[in-house]
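Enquirer: From just these sequences and the hints, can you work out the full model?
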Amino acid sequence: MTGPLTMDQLAAVIARDIPPGSFVNLGIGHPTKVADHLPPEAGVVLHTENGMLGMGPTATGADVDPDLINAGKIPVTELPGAAYFDHASSFAMMRGGHLDFCVLGAYQVSAGGDLANWHTGAADDIPAVGGAMDLAIGAKSVFVMMSLFTRGGAPKLVPRCTYPLTGVGCVSRVYTDLAVFDFTPEGPRITRTFGTPAAELAERLALPYLAG
Amino acid sequence: MVVSRTQFPSSALDAVADTPDGATVLVGGFGLAGMPSELIDALIEQGAGDLTIVSNNAGNGDTGLAALLRAGRVRKVVCSFPRQSDSYVFDELYRAGKIELELVPQGNLAERMRAAGAGIGAFYCPTAVGTPLAEGRETRVIDGRTYLLEYPIHGDVALISAWRADELGNLVYRKTARNFGPVMATAARTVIAQVTSVVPAGSLDPEAVVTPRIYVDRVVRVEGGAR
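Chains as they are written, first to last, in my numbering: chain A, 1 to 212; chain B, 213 to 439.
There could be a bad hint or two in this list.
To be verified - Result set (EDC-like, lysine to aspartate or glutamate): computed pairs, CA atoms no more than 16 Å apart in a straight line:
| # | chain 1 | residue 1 | chain 2 | residue 2 |
| --- | --- | --- | --- | --- |
| 1 | A | K73 | B | D298 |
| 2 | A | K156 | A | E203 |
| 3 | B | K310 | A | D124 |
| 4 | B | K288 | B | D298 |
| 5 | A | K33 | A | D124 |
| 6 | A | K73 | A | D63 |
In short, the hints are calculated from the structure, not lab data.
Expert: Following this line, the structure appears as structure tokens:
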């Protein structure tokens, strides 16, 4: 695939990497698009933090039910075999390491796998953390979905996060519009690129050990 | 008439009548799902002030929790996600320094109330380690992993919304409107549930009761709300 990828194309890439039968939490915002690309026959089970396994697609028309929403407070549907549970159980499920994957957005990810995605740190910004910190340390694999650079061209994969942290050393893989990075004990490694050579990305990121 | 310690006041206002100034009030709901709107409206009318509100969000639009905030009754909000597209009432009060915020990760919010209801004095939790929310907090390394010490959150009052009660006070919920209801029902001295219907004792499947009546002090039936 040539790039850079749109967020929707990137969602399709992530969906293909999730093994059949996995239990997955897609957070809020862009990562929820991954659900649109999961083939029903794969039997991937979606968890939503507000107390449900087996979440179905977004509800429309007569299917909208104010009692059935996702973490982004958008009306959704239930699939056969769905289950509901209270908030303490939902987060115990997360924190207890029962979810195979979560996919989260990010402001920044550090070379050491630290995640920053809840607060810009600006004085007038109202902090809101929701379930991000629980998910970041709870899921067996934490995938991040983000653009590699800000609109202003600043890298979002950085030596150290300057934004307040959500979790320390918790990221397993970062999917961006330009490349996929796997986090290894030696640091992030480019495993796929979308239109821009790895060497060029490594140079722009000023993280020389990335390529390979 | 069956004997039950759970009371069935005739109005939401009667149900919240004894809420004192300065109370810590646990308020169920995730966004508007499971939000006990009628009980919150009653609390506004009842007039208690200087309240600490524990809830996942800090109000949406102009109704419910947002209206309670706007009425100036709330000193402090303990929540995980105050900032939303329609949280302008909270945003304005917060920026003006007129309300205190204790930001708690969502799972810790639930677990701290679970601990309160289960008689747990404190617990170690890995969430938020190494983040600004951990600053100044007690930590402990257990089997090589760092944990933060978390204390229970006890409520004086819990206001929750369930789907159905039986006439003994057992509760069942509906879909994702369950959310914080069951855990808040265990964590407050006085637990008040609004429901859309009250059914005869014995007509709820005992295997399906989510909140057993031992936790429920008052039930008030409201029109509409959850289906």
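Enquirer: Hint by hint, note whether the structure agrees.
Expert: Outcome of the hint check:
1. For the proposed pair K73 of chain A and D298 of chain B, the alpha carbon gap of about 12 Å is at most 16 Å, so the pair holds.
2. Restraint check for K156 of chain A and E203 of chain A: the C-alpha separation of about 14 Å stays at or below 16 Å, so the hint holds.
3. For the suggested pair K310 of chain B and D124 of chain A, the alpha carbons sit about 14 Å apart, so the restraint of at most 16 Å is met.
4. Our distance criterion of 16 Å between C-alpha atoms is broken by K288 of chain B and D298 of chain B, whose separation comes to about 19 Å.
5. With a CA separation close to 30 Å, the supplied pair K33 of chain A and D124 of chain A exceeds the 16 Å bound.
6. For the suggested pair K73 of chain A and D63 of chain A, the alpha carbons sit about 15 Å apart, so the restraint of at most 16 Å is met.
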